[in-house]
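Hints are included, so try docking the two chains, each in its own frame, into the full complex.
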Amino acid sequence: GAVVSQHPSRVICKSGTSVKIECRSLDFQATTMFWYRQFPKQSLMLMATSNEGSKATYEQGVEKDKFLINHASLTLSTLTVTSAHPEDSSFYICSAGGERGNQPQHFGDGTRLSIL
Amino acid sequence: GESVGLHLPTLSVQEGDNSIINCAYSNSASDYFIWYKQESGKGPQFIIDIRSNMDKRQGQRVTVLLNKTVKHLSLQIAATQPGDSAVYFCAEKGPRRGATNKLIFGTGTLLAVQP
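In the order they appear, the protein sequences are chains A and R. Counting from 1, position 72 in the first sequence corresponds to residue 72 in the working numbering; the numbering is continuous, with no gaps. Counting from 1, position 89 in the second sequence corresponds to residue 1089 in the working numbering; the numbering is continuous, with no gaps.
Derived by calculation from the structure, the hints in this document are not laboratory data.
Footprint (simulated), chain A over chain R, 3 or more residues, beta carbon under 8 angstroms:
id	region
1	1024-1037
2	1043-1056
One side of the interface only, derived from the structure: several residues of chain R facing chain A at Cβ under 10 angstroms:
id	residue
3	Leu-1008
4	Val-1087
5	Phe-1089
6	Phe-1105
7	Gly-1106
8	Leu-1110
All residues carry an ideal CB built from backbone N, CA and C; glycine is no exception.
Next up, chain R with everything else stripped away, as it sits in the complex (with noise of 0.2 angstroms):
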């Protein structure tokens, strides 16, 4: 179903560590996953992806894990920088019916980063 609007739960590292952040996901049918970051008063923007084909994916600084069995997503950030505080959402695609490729945003998780 549809995500529900929840008070963002928030994850507080120390710059310089690695950050996880994670996320359920709800159809077990969809075959593409995105992570996206978020700052205050801006629209998302795409940081990486993952194929439902896929286990683990790299980016600059960034992994994405999924594990399907479980329905779980998961953001690694290394070295996390102040720059990287944001709203980090994940967003789910199903298999295309139609001509529709909406996307399913998860509840978001703001990541705040200590100097």
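In isolation and in its complexed conformation, chain A is listed as follows (with noise of 0.2 angstroms):
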């Protein structure tokens, strides 16, 4: 079945760093990704879409200079937290698949996020 990587898992900084998050398609090529947020005991929060060859889409509310999203090629998509700040702390989760009709979104593991 489809598979989605993401890379790390976890991640401990300190504030005002900026942490970049990856998200692989593995045996599927994708033209669109989607990362999405999501904090405890909450529903999953669509922050963006992310688009082969141009420019991520981004929800109503969502800072596109604070998230920068890459998706440079039909496997990789990166999201860029700039400037890491405590209220940043989040699980950060990237989905891909379903391009062809009605076809479910595959997940990856997510990333949890802690700025200190």
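See the structure below:
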């Protein structure tokens, strides 16, 4: 089945650091990938749609300069949290797939980001 | 509209019983629905999906029912096992406009299976 790999699984860093998270589709090509944020005991909130070879589409309220997205190939999207602060601490999850008609997206195992 | 984060409702069942998890979706134009299972510290895992031209779909130990009249989706798990303990999310996808195929997630239900 379709596999999405996300790395790293956990990051702990100081305030002001920029953190890059990678999302890879391992056995299929993905023109679009999605980045979500999830707080404890809450649902997934879509942050942005990553588009291969073009700019990402951000959801309302998500700062594009804060959360930089690059989708340079059909198997890799990266999310960079720039100058991270404690309020950016969260669980970030990517997904890919479902581009051909009604098929499910598949998710990575998430990145737990903790900013001290 | 987008799902808003809320504290998770919890369904507690005894091992071996059947579980029914409900979801109310928001967009009457949505044409595809998915149930995901999320274990602690992991990403959501696909369980089963259903298209809007169907009312019911069965998988292994799971059944999804779709009632478009009241915009309601349910997931039935037969003979619930401790390994079924997780948070379950429904997700909907509207008719494609342009190139987007983004999902809208429900608030989620925590299923707690008692041995």
